Amino acid sequence: MEKLIAGKTVQVNEEGYLTNFNEWNKEIGEALALEAQVALTPKHWELINYIQTEVKNESPLSIRKIGKSGVVDIKEFYVLFPNAPLKTATKIAGVPKPASCI
Amino acid sequence: MSEYNGEIRKMMIILSKASIENVYAAFVLANGARMEGIEAEMFFTFFGLEAVHNKKLDHLHVATVGNPAMHMPTMLGGLPGMEALATSMMKKEMEKLDMPEVREFLEILKASGVKLWACKLAMEMFHYEKADMFPELDGVLTVGDFYKQATGIGAHMLFI
Chain A
13 MEKLIAGKTV
23 QVNEEGYLTN
33 FNEWNKEIGE
43 ALALEAQVAL
53 TPKHWELINY
63 IQTEVKNESP
73 LSIRKIGKSG
83 VVDIKEFYVL
93 FPNAPLKTAT
103 KIAGVPKPAS
113 CI
Chain B
72 MSEYNGEIRK
82 MMIILSKASI
92 ENVYAAFVLA
102 NGARMEGIEA
112 EMFFTFFGLE
122 AVHNKKLDHL
132 HVATVGNPAM
142 HMPTMLGGLP
152 GMEALATSMM
162 KKEMEKLDMP
172 EVREFLEILK
182 ASGVKLWACK
192 LAMEMFHYEK
202 ADMFPELDGV
212 LTVGDFYKQA
222 TGIGAHMLFI
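In the order they appear, the protein sequences are chains A and B.
Position 3, counted from 1, in the first sequence is what the working numbering calls 15; the numbers after and before it change by one each time, with no gaps.
Position 146, counted from 1, in the second sequence is what the working numbering calls 217; the numbers after and before it change by one each time, with no gaps.
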């Protein structure tokens with residue numbers, strides 16, 4: 013389905029995740045963060061960049077992996093994104109929701 | 072079903088067994104709750120206490136006897152070394168799935184905001200002290216205190 017985010021019409025799935033990463037830009041990331049009630053700091057952006065790089069390299073994401081990313085530890089991850097961190101961070105980053113249980 | 076549309080807001084998970092498959096099931100459920108933005112607390116009782124006993128938690132085993140899903144004759148499952156073999160096989164498979172060891176998993180749960188409680192009665196039964204337990208254990212509670220922790224709308228309780 014289509015959704016207007018930050019003045020741009022993009023394709024999203026039923027949960028609001030972008031289905032085409034090429035349509036993502038920083039403004040869309042900021043608008044999605046606002047929707048998720050997350051105020052983005054440079055640390056958030058560092059993590060979003062990390063997530064995008066990992067997804068580009070087809071490396072599966074998990075909470076454990078974020079904890080070993082060198083960007084944040086798990087505690088800090090939950091501080092940055094208090095509500096469902098992995099789901100929220102990936103949505104803002106414009107990448108698919110990870111199908112991970114851990 | 073009116074409040075929050077019946078949404079789960081908090082999972083209270085009671086672990087009463089220490090075979091590794093049960094421990095992991097409980098840990099994955101608690102961690103999975105936090106990943107969804109659901110609160111989670113765990114209560115370790117009876118043999119479940121071994122999963123938070125500092126000297127025992129690194130040495131938990133798969134149950135090879137009395138476990139029909141092992142597809143192994145009970146007599147065979149009871150042979151010396153069989154539990155260790157099944158355990159090391161299972162650990163290898165879990166590592167492939169990026170599943171952490173028990174201690175690291177406990178650390179992940181704590182970092183994710185899961186509360187870990189030991190059952191007072193079981194602690195007394197096994198003669199364990201708080202000092203014997205995983206250092207980040209939140210405390211030792213009576214059953215009544217644990218129920219009180221579950222106060223609120225959308226709290227669910229699960230016994231493993």
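Hints listed in this document are in silico derivations from the structure and should not be mistaken for laboratory results.
Keep in mind that a hint or two might mislead.
[Unchecked claim] DSSO-like cross-link-like pairs, simulated, lysine-lysine; straight-line CA separation at most 27 Å:
id, chain 1, residue 1, chain 2, residue 2
1, B, K186, A, K77
2, A, K109, B, K219
3, B, K81, B, K219
4, B, K162, B, K191
5, B, K201, A, K77
6, A, K80, B, K162
7, A, K55, A, K77
[Claimed, not checked] Simulated restraints on C-beta separations:
id, chain 1, residue 1, chain 2, residue 2, range
8, A, T65, B, V214, 46 to 54 Å
9, B, P139, A, K109, 34 to 42 Å
10, A, K15, B, H130, 27 to 35 Å
11, A, K109, B, D209, 29 to 37 Å
12, A, Q49, B, V99, 45 to 53 Å
All figures in this text were calculated on a predicted structure; none of them were measured in a lab.
We put the beta carbon where it would ideally sit given N, CA and C, even for glycine.
Quick rundown of the hints versus the structure:
1. As the CA atoms of K186(B) and K77(A) are separated by approximately 22 Å, the hinted pair is consistent with the 27 Å bound.
2. Restraint check: the Cα-Cα separation between K109(A) and K219(B) comes to about 35 Å, which exceeds 27 Å; the hinted pair is violated.
3. With a C-alpha separation of about 13 Å, the suggested pairing of K81(B) with K219(B) holds against the 27 Å cut-off.
4. About 31 Å separates the Cα atoms of K162(B) and K191(B), which puts this hinted pair outside 27 Å; it is violated.
5. With a C-alpha separation of about 31 Å, the suggested pair K201(B) and K77(A) falls outside the 27 Å cut-off, and the hint is violated.
6. Distance check on the hinted pair: K80(A) and K162(B) sit about 20 Å apart at the alpha-carbon level, within 27 Å; holds.
7. Our distance criterion of 27 Å between C-alpha atoms is met by K55(A) and K77(A), whose separation comes to about 17 Å.
8. As the Cβ distance of T65(A) to V214(B) is approximately 48 Å, the hint placing it in 46 to 54 Å holds.
9. For the hinted restraint 34 to 42 Å between P139(B) and K109(A), the CB-CB distance of approximately 35 Å keeps it satisfied.
10. Distance hint for K15(A) and H130(B): a CB-CB separation of about 51 Å, inconsistent with the stated range 27 to 35 Å.
11. One distance hint, 29 to 37 Å for the beta-carbon pair K109(A) and D209(B), holds here, with the actual separation near 31 Å.
12. The beta-carbon spacing between Q49(A) and V99(B), approximately 27 Å, falls outside the hinted interval of 45 to 53 Å.
In the structure shown, a violation is registered for the earlier hints numbered 2, 4, 5, 10 and 12, in ascending order.
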